[in-house]
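Number of protein chains: 2
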Amino acid sequence: MSEQRSEISALGEFGLIDRLAEPFKIQHPDTVKGIGDDAAVIRCGDHLSLLSTDMLLEGVHFDLRYVPLQHLGYKAIAVNVSDIAAMNGKPGQVVVGLGISNRFSVEAVEELYAGIKAACQHYGVDLVGGDTTSSAVGLVLSIAVRGTVDSDKIAFRSGASANDILCVTGDLGAAYMGLQVLEREKEVFLSNPGTQPDLEKYSYLVGRQLKPEARMDIVHELEELKVVPTAMIDVSDGLASELLHIGRNSRCGVKIFEDKVPIDHQTFETAVEFKIDPITAALNGGEDYELLFTIKPADFEKLKNHADIHFIGHLHTAMDQNVMITKAGNTVALTAQGWNHFS
Amino acid sequence: MSEQRSEISALGEFGLIDRLAEPFKIQHPDTVKGIGDDAAVIRCGDHLSLLSTDMLLEGVHFDLRYVPLQHLGYKAIAVNVSDIAAMNGKPGQVVVGLGISNRFSVEAVEELYAGIKAACQHYGVDLVGGDTTSSAVGLVLSIAVRGTVDSDKIAFRSGASANDILCVTGDLGAAYMGLQVLEREKEVFLSNPGTQPDLEKYSYLVGRQLKPEARMDIVHELEELKVVPTAMIDVSDGLASELLHIGRNSRCGVKIFEDKVPIDHQTFETAVEFKIDPITAALNGGEDYELLFTIKPADFEKLKNHADIHFIGHLHTAMDQNVMITKAGNTVALTAQGWNHFS
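Here the protein sequences line up with chains A and B, keeping their order.
For the first sequence, counting from 1, position 310 maps to 310 in our numbering; every step adds exactly one.
Add 1000 to the 1-based position in the second sequence for our numbering, that's all there is to it.
Simulated from the structure, these hints should not be mistaken for lab results.
Mixed in with the good hints, there may be bad ones.
As a list, the in silico SDA-like pairs of lysine to any residue whose alpha-carbon atoms are at most 20 Å apart [stated by the list, open to error]: (1) Lys117/A x Gly1124/B; (2) Lys117/A x Asp1018/B; (3) Lys1117/B x Glu110/A; (4) Lys1025/B x Asp18/A; (5) Lys1117/B x Val32/A; (6) Lys117/A x His1028/B; (7) Lys117/A x Ile1035/B; (8) Lys25/A x Gly1124/B; (9) Lys117/A x His1122/B; (10) Lys1117/B x Pro29/A; (11) Lys1117/B x Asp18/A; (12) Lys1025/B x Thr132/A; (13) Lys117/A x Leu1199/B; (14) Lys1153/B x Gly45/A; (15) Lys1117/B x Gln27/A; (16) Lys1117/B x Glu22/A; (17) Lys117/A x Gly1015/B; (18) Lys117/A x Lys1186/B; (19) Lys25/A x Lys1117/B; (20) Lys25/A x His1122/B; (21) Lys1186/B x Gln1027/B.
Given the sequences, and given the hints that come with them, work out the whole structure.
The following block contains the structure:
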């Protein structure tokens, strides 16, 4: 082992991945795209095959004191399907790696799998294999998903051009505010175990945190409307981080308008209650699993009346000039705060 | 959560998987084979695509006090490639899920990836994606591998018939004895940190434990010799366990001869030193990653002079009569002891 010791936290997740991925060159003739998008792309007859993986670790990604196992199983599948959706693809199969300690009963693992099954049925995905093993410590869940996409429909992060319109589905920041609510209730419960949490008022936010959905409905609707996004990514680390990924990969700058960013009223009110700026929750919250994509201006007509697609800005040629125009008309730089699990 | 509490250890790994997998039905038109073989099989143009996953957890599958990170990375890829080999397929791409705590430096993670890279180069596999995250506790490594196989070459566990010949590659029990040696040296070192372990005498065994190879060479040679195994599996849990898998899936009984089971002289001598019956190490040791396969009797001529393929017995119609004929001529029942990480 080398003498030097550099801390992972100094690099962050993306820095670490860049450094680790750097020496790997593509050698297999079927590999179209390796590291660097939501899923890898592999040639498969006249289609393209997609492959992606996500790992969920107890104590880092979830807290079993408030995450029901069934929801955890559902979410684990949904976030993987979301990576396939982000390539404009359709999911087909998943494999599940599970590490569990003796503190879990067979019935508890069945709860987890009930959630996995519900998600598989919802998304039309087959569970085709896995690896189940004991864990010396917490619960470990690692999913890999395979999907397919037609080669004329695939959406990379890198395909957008200047003047393409930035679109985002649903609303943002709700899952993040749901997490804040759950964390606060946990603290209340830990200091006074007699209390019953009142989550009624925050039901939308808590639902977005505990049971996110992949936006496969949007992938199907874009197909029906004959719109192929020029670039696409799912919003897992926060809108700002994903905007910068699309900008950098497409060699453009991004410009969005604060008043166009969709925020649900419950998200807004709860953010105010928590003394968080609602736009900050939307830009940096993460775990929304909405789709952020770009379209050619000519396709705007086809989507403009879609109730759940919002047009938040556009790309421009000035790469690295990534800005938001605030409601007051000021220009502020977009920076990715996103999630850094290592800090 | 349900009231009942059943212990996972009472079911064991295979029992748990059977119980969890039971409610999952195949629904996607491209899925050819789901849970129950070394890899899932998915239609992909005129080829078949293979998908498998393996999880390695610190404290369960490896002990970083004697497993160098580079070897761990190599092994993680090799054992996944072995699952593709076991379907008579060729590996193409891997995705790597990695959970690491702050106790690892960037340089340590680079050591791990150097091993992953060496294995990817050796097997001609591309690392195409992954998920890197912090872990609250130990090191977690989860790999998924994609491969391909021609539809007329695929080898399921279920394809063998009575009178097919049982073949196994290489030699067995070495990785298990290597683990015993490493565990003993660890104890010596922990009680007297001044000692230097003398592993020279056991170098073959330690190498088989720390740096196993997937037998892709055999897959290529079978192709050149125009032999398609009627059934195949890789020896990860021990020869006995794998024989029973092939027998049960092919609805046959298995009969092997003790004197035909290949055991290296270093395995043999070390087993005797540890007061372990060498055939027990071969039957139940596990982690050999050799290939166990069956051939039609007509193919025997093509393989009989292969230096690294051993003919250890055959299948017969009496399902569930799984026996070994000992060197003394006695008939003993084969039982799977294998690995039960949960016990």
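Results for each hint:
{"no.": "1", "hint": "Lys117/A x Gly1124/B", "result": "35 Å, violated"}
{"no.": "2", "hint": "Lys117/A x Asp1018/B", "result": "15 Å, holds"}
{"no.": "3", "hint": "Lys1117/B x Glu110/A", "result": "37 Å, violated"}
{"no.": "4", "hint": "Lys1025/B x Asp18/A", "result": "39 Å, violated"}
{"no.": "5", "hint": "Lys1117/B x Val32/A", "result": "19 Å, holds"}
{"no.": "6", "hint": "Lys117/A x His1028/B", "result": "14 Å, holds"}
{"no.": "7", "hint": "Lys117/A x Ile1035/B", "result": "14 Å, holds"}
{"no.": "8", "hint": "Lys25/A x Gly1124/B", "result": "11 Å, holds"}
{"no.": "9", "hint": "Lys117/A x His1122/B", "result": "37 Å, violated"}
{"no.": "10", "hint": "Lys1117/B x Pro29/A", "result": "18 Å, holds"}
{"no.": "11", "hint": "Lys1117/B x Asp18/A", "result": "15 Å, holds"}
{"no.": "12", "hint": "Lys1025/B x Thr132/A", "result": "19 Å, holds"}
{"no.": "13", "hint": "Lys117/A x Leu1199/B", "result": "48 Å, violated"}
{"no.": "14", "hint": "Lys1153/B x Gly45/A", "result": "18 Å, holds"}
{"no.": "15", "hint": "Lys1117/B x Gln27/A", "result": "12 Å, holds"}
{"no.": "16", "hint": "Lys1117/B x Glu22/A", "result": "11 Å, holds"}
{"no.": "17", "hint": "Lys117/A x Gly1015/B", "result": "18 Å, holds"}
{"no.": "18", "hint": "Lys117/A x Lys1186/B", "result": "43 Å, violated"}
{"no.": "19", "hint": "Lys25/A x Lys1117/B", "result": "10 Å, holds"}
{"no.": "20", "hint": "Lys25/A x His1122/B", "result": "13 Å, holds"}
{"no.": "21", "hint": "Lys1186/B x Gln1027/B", "result": "49 Å, violated"}
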